[in-house]
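**Q** As they're listed, the protein sequences go chains A and B.
Heads up: the first sequence begins at 1 in our numbering, then just goes up one per residue.
Heads up: the second sequence begins at 1 in our numbering, then just goes up one per residue.
Careful: at least some of the hints might be erroneous.
[Said to hold, decoys possible] Restraint ranges, calculated between C-beta atoms of paired labels, are given here:
#1 B/Ala201 <-> A/Ile213: 18 to 24 Å
#2 B/Ala174 <-> A/Ser130: 55 to 61 Å
#3 B/Ser175 <-> A/Asp254: 40 to 46 Å
[As the list claims (entries may be wrong)] Here are the simulated DSS-like cross-link-like pairs (lysine-lysine), alpha carbons at most 27 Å apart as the crow flies:
#4 B/Lys53 <-> A/Lys50
#5 B/Lys53 <-> A/Lys195
#6 A/Lys269 <-> A/Lys292
#7 A/Lys50 <-> A/Lys60
#8 A/Lys269 <-> A/Lys50
#9 A/Lys195 <-> A/Lys269
Because the hints were derived from the structure by calculation, they are not lab data.
Don't be surprised by glycine CBs; every beta carbon is placed ideally from N, CA and C.
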Amino acid sequence: MNAVPMELVCPAGTPAALDAAIEAGADAVYFGFRDRTNARNFPGLNFSPKELAEGIETCKRRGARPMIAINTYPDAGDDSLWRRNVDICAEAGAGAVILCDMGLAGYATKKHPDLRLHLSVQASASNAPSVRFYRDAFNIRRVVLPRVMTVEEIAALTAAVPDVETEVFVFGGLCVMAEGRCSMSGYATGISPNKDGACSPASHVRYEEQGEIMTSRLGSFTLNRFGAGEAAGYPTPCKGRYRVHGREMHLFEDPCSLDATPLLPAFAKAGVTALKVEGRQRGKAYVAQVVKNLKAAIAGQVTDPSASRAFMEAGGATTGVYSGTWH
Amino acid sequence: MSQSVRTFSPGLLVGLLLRPVPLGVLRIAARPVMDGLIRDLGPRLGDRLSGLKGRLAIVPTGHPVAVAIDIDDGALDLDLIEADTREAMGAVAAVRAPLETLTAMLDLEGMDGDASFFARALHIEGDTSLVMALRYALEDAGAGVDDITGAVPWPFGAALPHAMRVGQRIHDAASRDLATVQDAILAPVRTELARQEARMARMESQMQRTQRRRAS
Ligand code: SF4
Numbered sequence: 001m002n003a004v005p006m007e008l009v010c011p012a013g014t015p016a017a018l019d020a021a022i023e024a025g026a027d028a029v030y031f032g033f034r035d036r037t038n039a040r041n042f043p044g045l046n047f048s049p050k051e052l053a054e055g056i057e058t059c060k061r062r063g064a065r066p067m068i069a070i071n072t073y074p075d076a077g078d079d080s081l082w083r084r085n086v087d088i089c090a091e092a093g094a095g096a097v098i099l100c101d102m103g104l105a106g107y108a109t110k111k112h113p114d115l116r117l118h119l120s121v122q123a124s125a126s127n128a129p130s131v132r133f134y135r136d137a138f139n140i141r142r143v144v145l146p147r148v149m150t151v152e153e154i155a156a157l158t159a160a161v162p163d164v165e166t167e168v169f170v171f172g173g174l175c176v177m178a179e180g181r182c183s184m185s186g187y188a189t190g191i192s193p194n195k196d197g198a199c200s201p202a203s204h205v206r207y208e209e210q211g212e213i214m215t216s217r218l219g220s221f222t223l224n225r226f227g228a229g230e231a232a233g234y235p236t237p238c239k240g241r242y243r244v245h246g247r248e249m250h251l252f253e254d255p256c257s258l259d260a261t262p263l264l265p266a267f268a269k270a271g272v273t274a275l276k277v278e279g280r281q282r283g284k285a286y287v288a289q290v291v292k293n294l295k296a297a298i299a300g301q302v303t304d305p306s307a308s309r310a311f312m313e314a315g316g317a318t319t320g321v322y323s324g325t326w327h
Numbered sequence: 001m002s003q004s005v006r007t008f009s010p011g012l013l014v015g016l017l018l019r020p021v022p023l024g025v026l027r028i029a030a031r032p033v034m035d036g037l038i039r040d041l042g043p044r045l046g047d048r049l050s051g052l053k054g055r056l057a058i059v060p061t062g063h064p065v066a067v068a069i070d071i072d073d074g075a076l077d078l079d080l081i082e083a084d085t086r087e088a089m090g091a092v093a094a095v096r097a098p099l100e101t102l103t104a105m106l107d108l109e110g111m112d113g114d115a116s117f118f119a120r121a122l123h124i125e126g127d128t129s130l131v132m133a134l135r136y137a138l139e140d141a142g143a144g145v146d147d148i149t150g151a152v153p154w155p156f157g158a159a160l161p162h163a164m165r166v167g168q169r170i171h172d173a174a175s176r177d178l179a180t181v182q183d184a185i186l187a188p189v190r191t192e193l194a195r196q197e198a199r200m201a202r203m204e205s206q207m208q209r210t211q212r213r214r215a216s
């Protein structure tokens with residue numbers, strides 16, 4: 001069981017969201033560059049190198065740890081953009097760089113031995129030998145665990161590798177595949193979530209309204225049809241409804257968001273170091289509300305789950321695989 | 001703060017009241033505000049819109065006019081146009097939502113764009129990337145209702161904060177009354193729907209029982 005409270009790691013897609021996160025009580029804020037090195041590479045989102053350096057400064061001044069996500073896989077033959085961004089982070093004094101690629105981790109360890117490295121969820125390290133390998137080879141200090149583990153499995157992992165910190169997602173959108181290994185959106189659009197940084201890139205998403213019915217499409221694929229008044233979900237292939245054996249159904253997952261707030265004591269008992277909020281693509285209102293609620297929950301206060309309900313995909317919440325089920 | 005989405009709202013009534021007003025008159029009245037917004041807001045959007053080009057139309061539900069936002073590699077132009085289909089407005093993207101939802105999205109206490117979309121309060125047509133980029137640019141610029149009131153020329157601008165406070169009180173009262181009216185109108189429909197749902201569930205379980213009997 002942790003003696004110190006778990007660190008709350010919050011998302012920021014813009015400098016304004018970064019301010020909102022700190023204002024709401026974030027212990028750490030993660031953000032990234034406005035380019036393909038970022039797994040939330042959406043138009044108009046993220047930080048220019050100048051904004052990023054200023055964001056790091058703001059965090060330090062206001063007592064939050066700045067973490068920079070460089071969490072896509074570099075191109076074969078040209079990883080210069082990824083390396084450049086690691087160098088910028090080291091120079092600007094980032095509190096940690098969150099990365100997934102072994103080549104880049106090797107570069108960062110060698111070139112910037114003092115730069116703290118966290119292993120991104122995109123690397124999908126979910127067992128003790130894998131975590132030990134990243135620790136020994138690249139001096140990885142913290143692992144962000146994929147959302148495919150139960151609390152018991154997390155406890156076993158933290159006990160097996162006690163010198164590597166663990167960070168778990170506690171709130172936000174769900175990616176149901178072992179992260180970093182899903183090719184569905186890439187298949188539909190030719191743009192890879194893992195190399196270009198966008199699952200269901202906006203340029204390929206279209207919505208059509210016919211009366212009260214809304215259809216979402218990704219490239220040439222129809223993903224979903226929402227009936228009158230039915231809450232909508234993200235236009236990602238894993239949340240689509242498909243015809244299987246003559247029946248239309250959510251084949252992979254019902255659209256809903258992760259809310260593991262009720263499991264905070266279990267995470268603390270399992271030795272988890274940090275709790276992460278998904279949602280760098282979300283607005284300031286989401287960041288402010290969710291961070292405030294979680295901060296109160298970590299402090300042991302009773303919180304109202306309905307306060308965050310409006311921010312959840314299709315209005316639904318799940319504790320995901322943490323409690324042994326997706327739903 | 002979560003916002004429930006009401007279709008029957010004071011914002012819709014305002015739209016209906018505006019219907020008889022000719023577009024030309026509305027454009028002349030709005031021009032100084034639009035110019036003020038371009039002047040004050042344009043530079044704050046920074047480079048979040050750079051490389052993007054096209055017209056985005058924001059259509060408050062039930063209103064006769066839409067705000068046309070022309071983006072050209074970071075530069076911004078605003079105008080009022082007749083609300084119509086996306087194609088007829090010459091827009092590569094259109095966003096339709098109740099006036100209340102659009103203003104709530106500019107508020108830190110309101111809903112973010114994703115939440116409004118999940119609640120089906122926000123409808124997006126056409127090029128989703130332009131909509132997203134503008135949303136992030138506005139949010140990062142801290143754009144809000146204050147920018148609109150700040151762009152209203154003197155002497156109206158000076159009197160606006162007080163008028164808005166009064167307007168907000170009237171709006172809140174009207175929202176409550178209209179919600180009551182809407183609930184009263186929809187109550188019989190909801191009852192009928194619940195009855196139909198229960199009937200469907202009974203039929204489905206009957207079918208499953210029959211199928212199981214046949215299989216065994
Ligand atoms: S399609 Fe779903 S599972 Fe695959 S990367 Fe996108 S969000 Fe994750």
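**Q** Each of the hints needs a verdict: does it hold here or not?
**A** Hint by hint, here is what the structure shows:
1. B/Ala201 <-> A/Ile213: 18 to 24 Å: For B/Ala201 and A/Ile213 the Cβ distance comes to about 22 Å; the hint holds.
2. B/Ala174 <-> A/Ser130: 55 to 61 Å: holds (60 Å)
3. B/Ser175 <-> A/Asp254: 40 to 46 Å: The hint (40 to 46 Å, Cβ to Cβ) is violated, given that B/Ser175 and A/Asp254 are roughly 32 Å apart.
4. B/Lys53 <-> A/Lys50: holds (24 Å)
5. B/Lys53 <-> A/Lys195: Since the Cα atoms of B/Lys53 and A/Lys195 sit roughly 26 Å apart, the hinted pair holds (cutoff 27 Å).
6. A/Lys269 <-> A/Lys292: This hinted pair holds, its Cα atoms lying about 22 Å apart.
7. A/Lys50 <-> A/Lys60: holds (16 Å)
8. A/Lys269 <-> A/Lys50: Violated - the C-alpha atoms of A/Lys50 and A/Lys269 are around 40 Å apart, more than 27 Å.
9. A/Lys195 <-> A/Lys269: Violated: A/Lys195 and A/Lys269 sit about 36 Å apart, past 27 Å.
Hints 3, 8, 9, counting from the list given before, are not met by this structure.
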